[in-house]
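Just so you know, the sequences run in chain order A and B.
Heads up: the first sequence begins at 2 in the working numbering, then just goes up one per residue.
Heads up: the second sequence begins at 151 in the working numbering, then just goes up one per residue.
Simulated from the structure, these hints should not be mistaken for laboratory data.
Among the clues, some could well be false.
[As the list claims (entries may be wrong)] Restraint ranges, calculated between C-beta atoms of paired labels, are given here:
1) Phe290(A) - Leu174(B): 31 to 41 Å
2) Glu156(B) - His280(A): 46 to 56 Å
3) Arg168(B) - Val256(A): 39 to 49 Å
4) Phe182(B) - Arg18(A): 45 to 55 Å
5) Val171(A) - Glu154(B): 14 to 24 Å
6) Glu156(B) - Pro48(A): 17 to 27 Å
7) Phe109(A) - Arg164(B): 56 to 66 Å
8) Leu21(A) - Leu181(B): 16 to 26 Å
9) Ala203(A) - Val159(B): 56 to 66 Å
Note that beta-carbon positions come from the ideal geometry of N, C-alpha and C, so glycine has one too.
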Amino acid sequence: MPAIEIPQTAALPADWRDFLALTKPRVMSLVVFSGLCGLLAAPVMPPLVLGFTAILCIALGAGACGALNQWYEAELDGRMRRTARRPLPAGRMERQSALHFGVGLAAFSVLLMGLAANWLAAALLTVSILFYVLVYTVWLKPRTAQNIVIGGAAGAFPPLIGWVAASGRVELLPVLLFAIIFLWTPPHFWALSLFVRSDYAAAGIPMLPVVAGLAATRRQMFLYSLAMAAAAVAPWPLGLTGPVYGASAAILSGVFVVLASRVLSSRATEPGQMGAEKHLFAYSVFYLFALFTALVADRWVAG
Amino acid sequence: MRPELEQEVVRRQRERARIMAVLLGAFVVLLFLITVAKVGMNW
Numbered sequence: 002m003p004a005i006e007i008p009q010t011a012a013l014p015a016d017w018r019d020f021l022a023l024t025k026p027r028v029m030s031l032v033v034f035s036g037l038c039g040l041l042a043a044p045v046m047p048p049l050v051l052g053f054t055a056i057l058c059i060a061l062g063a064g065a066c067g068a069l070n071q072w073y074e075a076e077l078d079g080r081m082r083r084t085a086r087r088p089l090p091a092g093r094m095e096r097q098s099a100l101h102f103g104v105g106l107a108a109f110s111v112l113l114m115g116l117a118a119n120w121l122a123a124a125l126l127t128v129s130i131l132f133y134v135l136v137y138t139v140w141l142k143p144r145t146a147q148n149i150v151i152g153g154a155a156g157a158f159p160p161l162i163g164w165v166a167a168s169g170r171v172e173l174l175p176v177l178l179f180a181i182i183f184l185w186t187p188p189h190f191w192a193l194s195l196f197v198r199s200d201y202a203a204a205g206i207p208m209l210p211v212v213a214g215l216a217a218t219r220r221q222m223f224l225y226s227l228a229m230a231a232a233a234v235a236p237w238p239l240g241l242t243g244p245v246y247g248a249s250a251a252i253l254s255g256v257f258v259v260l261a262s263r264v265l266s267s268r269a270t271e272p273g274q275m276g277a278e279k280h281l282f283a284y285s286v287f288y289l290f291a292l293f294t295a296l297v298a299d300r301w302v303a304g
Numbered sequence: 151m152r153p154e155l156e157q158e159v160v161r162r163q164r165e166r167a168r169i170m171a172v173l174l175g176a177f178v179v180l181l182f183l184i185t186v187a188k189v190g191m192n193w
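Let the hints inform the model, and build the full structure from the sequences given.
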């Protein structure tokens, strides 16, 4: 594989928009949303400013993860069309600036969370940042096809952190919310990696479709979808939520499993033919938003 | 350094300094509000 030279010294000081791009704002929106839902679903409501600060800290922690991920993967990003225009591979920023920005943001978010909410939430935020940066980005992503399965845990922390920031306790419902996102991540990311696998292959990342093939990936996506649907519906029969959430979770998860079964029966090999995979990917984003909205509606409107 | 490049460096530095000032100001206000909320909770 040809090594791509990353410019180490940008001629100009980086633009503030490039620092913002380092935080992956689009990923951050899903993280903030799930964290907010965790906070709003908790049995205790903190004062508005403390709740706002807790969500701000979750957002800053996610931004730090994005910056540190881009710092570590600058060379790798340069090899993929999807990521080649990011600030570091495009040479618009010095690598060291991204590192300082990421570490500073991470430390700031954890300290502020501890001071404004509680130190258990701050500890969970620390674990999620370290998990994403060290376990996922540095250790698993370049080494194993199961990278996003275990790495998905990092993205599953926000609702748990939001809940703990509000209540100060870890309970069964936020642990189930963690499980839902954890089990949602593989079908979501593998759907994407099915139709951009040439990009991953070019970068030498062992994503499941590249390593195990399309059929094995589609089978695993379906199995994870079943487990995710079970985890999503579980809070209702366990008496942790009401029927608003229960019915929504059943319908939304049912559609998810149907779409995953369409992917399972698909034989498409070219990205252009992968309508079922693209459909599942788009739906998976909607699914998480809708499911967590139903959770909050259940607590605030129906509860 | 070419004059137009130097101008661009100054422009970016000014823009970053302005944003930093706004963020620091917002942080001071946030800390004040957190303190008020904590005192209200008998922290």
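Outcome of the hint check:
At about 33 Å, the beta-carbon gap between Phe290(A) and Leu174(B) stays in the expected band of 31 to 41 Å. For the pair Glu156(B) and His280(A), the supplied restraint of 46 to 56 Å holds, since their beta-carbon distance comes to about 52 Å. As the Cβ distance of Arg168(B) to Val256(A) is approximately 47 Å, the hint placing it in 39 to 49 Å holds. Hint check: Phe182(B) to Arg18(A), Cβ distance near 29 Å, so the stated range 45 to 55 Å is violated.
Checked against the hint of 14 to 24 Å, the pair Val171(A) and Glu154(B) fails, with Cβ atoms roughly 57 Å apart. Distance hint for Glu156(B) and Pro48(A): a CB-CB separation of about 49 Å, inconsistent with the stated range 17 to 27 Å. Between Phe109(A) and Arg164(B), the C-beta spacing of about 24 Å breaks the proposed range 56 to 66 Å. Checked against the hint of 16 to 26 Å, the C-beta distance between Leu21(A) and Leu181(B) comes to roughly 23 Å, which is consistent with it.
For the pair Ala203(A) and Val159(B), the beta carbons lie near 35 Å from each other, so the given range of 56 to 66 Å is not met.
The earlier numbered hints that this structure contradicts are 4, 5, 6, 7 and 9.
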